[in-house]
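Colleague: This is what each chain is made of:
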Amino acid sequence: MSDTVIESSRFGTLQIAPEDLLEFPLGLIGLGGLHYTLLDRNPGTGFLWLHSVEDPGLALPVVDPRRFFHNFALQIAAEDRERIGAEDIDAASMYVTVRAAPNPADVVVNLRAPIIVWERRGHQVLNTAPGAGLQARLFAAPDTA
Amino acid sequence: MLILTRRPGERVVIGEDVLVTVMEVSGQTVRLGIAAPEGLPIYREEIWLAVKEENRAAAAAADELAGTPDSSQAGSALPVPAESESSGAPATSSEPDGSAQPQAGSATPPALETD
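Protein chains in written order, with my numbering: chain A, 850 to 994; chain B, 207 to 321.
In isolation and in its complexed conformation, chain B is listed as follows (with noise of 0.2 angstroms):
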């Protein structure tokens, strides 16, 4: 790993289209600027970890439930949710913390209503 000494103002330049600027330095936090090229997707590591073991576990996990690759069964052990298709149905509300919940009808297979 290459390792560099630079004080705000200062830059890095990587390649010959990315460009890193230290913005601030404030006790143990360092303000990062980064210039890169458009398409070129920058996260913060921490979020990019998380969100690729949530792609990896998603296929991994349909590969426990699908069974044999046996087409007209592919899929089957997916559980079925139970949907409130009227436009009028309210959404439940939100949890304390904002979080999204399930629809209102939503359930568990055994409980599925087609209606």
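Here chain A stands alone, though its shape is the one from the complex (with noise of 0.2 angstroms):
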């Protein structure tokens, strides 16, 4: 199986191995899209993109929640639970969206709809845990003491 080239509109031409292409069987919610990858552009920084195949427009940065929020939990429905297939959901990739801002203190991410990607599928679910807002501050306000 060949590369798959995506001319994205971000990052120029990409050729994406066949062994990165994360099938997301029923899309991200409200965007769609069958097939994503994920590209590690900024090495380092914890922020990866998660780009569209089908849509060369669409890339959206994201984050490993365990790295950043320590007290980060994840309850979902059984349902989800199935659909993903593993055993250990913790052993599973997982991610959340980021909305930056200019400001960083007004970057967020959601908690909230966490995406979860085994074995190069990807299934973005509900996060029942209390405590997982749709919008939690990534950074910590500055020290002002």
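Hints are computed from structural coordinates only; laboratory data are not their basis.
Think of the CB as a built atom: it goes at the ideal place given N, C-alpha and C, for glycine as much as any other residue.
Hints should not be assumed to be uniformly reliable.
The following residues of chain A were derived to be distant from chain B, with all beta-carbon distances above 10 angstroms [as the list claims (entries may be wrong)]:
| hint | residue |
| --- | --- |
| 1 | E868 |
| 2 | L877 |
| 3 | T886 |
| 4 | L887 |
| 5 | E931 |
| 6 | E936 |
| 7 | D939 |
| 8 | E968 |
Chain B stretches covered by chain A per the calculated footprint, using a threshold of three residues with CB under 8 angstroms from any CB of chain A [to be verified]:
| hint | region |
| --- | --- |
| 9 | 241-249 |
| 10 | 258-264 |
Two chains, two separate frames, one set of hints: put the complex together.
Modeller: The following block contains the structure:
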């Protein structure tokens, strides 16, 4: 199977190896899309880009919530757990979308609807854990003391 | 829009696979039971709308920050979180409402510490 080529409006021509293609059987909520790939354009920052294969103009910054929120908790429906298929959900890759902003204090992530990737299949699910907000601030406020 | 009147215990069939049962009516509240094929996601509308809006906003906000489509610059405007990688780093305590908080050491880019 040959590489998939994406003429990305943001990153230019991308060649995606078959093993880097992710299938999203249900798409992202409200955005759809059956195939995405993860791009690490900023190594070491923890930020990745979830780039659509079908839509060359669609890319969302994402981070692993477990890397930035030590008290991140995940509670999902049994149906979602079954759909994902991972025996140990903690072993799956997990991402949340980032809503960037000029002021870092305004950068928020959506802990309510994480994207779980297991065996190259992705699902955006609803997280019902207490405190899993739709707009959780990614950066702590600067210490003004 | 099709409008139907149903009583508790009665059902509506949508297509061949989706069965909606009126479980209970109490005042302004209606409890519905929905049987649908595996793999067909079902959301409360307000949650579906909110997540959809966040997804779209995340994609749009990235456009604003990344500027021109130059692969060497793309994403460079994203803030860089300062992380505490040490396994013993204490997590910040939860807010009174239980909301998840950025971990200790997370700060704005100018205050980035790389250790």
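Colleague: How about the region 258-264 of chain B: do at least three of its residues have a C-beta closer than 8 angstroms to a C-beta of chain A?
Modeller: holds (count 7)
Colleague: With d taken as the least Cβ-Cβ distance between L877 of chain A and chain B, does d exceed 10 angstroms?
Modeller: Answer for L877 of chain A: violated, closest chain B Cβ roughly 5 angstroms.
Colleague: If I take the minimum Cβ distance from T886 of chain A to any residue of chain B, is it greater than 10 angstroms?
Modeller: holds, 15 angstroms
Colleague: Can we confirm that no CB of chain B comes within 10 angstroms of the CB of E968 of chain A?
Modeller: holds, 16 angstroms
Colleague: With a C-beta cutoff of 8 angstroms, work out whether three or more residues of the region 241-249 of chain B approach chain A closely enough for the coverage to hold.
Modeller: holds (count 4)
Colleague: Per the stated criterion, does the least C-beta distance between D939 of chain A and chain B lie above 10 angstroms, as a non-interface residue requires?
Modeller: Holds, since 15 angstroms exceeds 10 angstroms.
Colleague: Say whether it holds or is violated: L887 of chain A keeps its Cβ farther than 10 angstroms from all Cβ of chain B.
Modeller: Fine: 13 angstroms to the nearest Cβ keeps L887 of chain A off the interface.
Colleague: Is the nearest CB of chain B more than 10 angstroms from the CB of E931 of chain A?
Modeller: It is violated; E931 of chain A is separated from chain B by about 8 angstroms at its closest Cβ, not greater than 10 angstroms.
Colleague: E936 of chain A: least C-beta distance to chain B exceeds 10 angstroms?
Modeller: holds, 18 angstroms
Colleague: Checking the smallest CB distance to chain B, is E868 of chain A really beyond 10 angstroms?
Modeller: Given a closest Cβ separation of 22 angstroms, the condition holds.
In summary, the numbered hints that this structure violates are 2 and 5.
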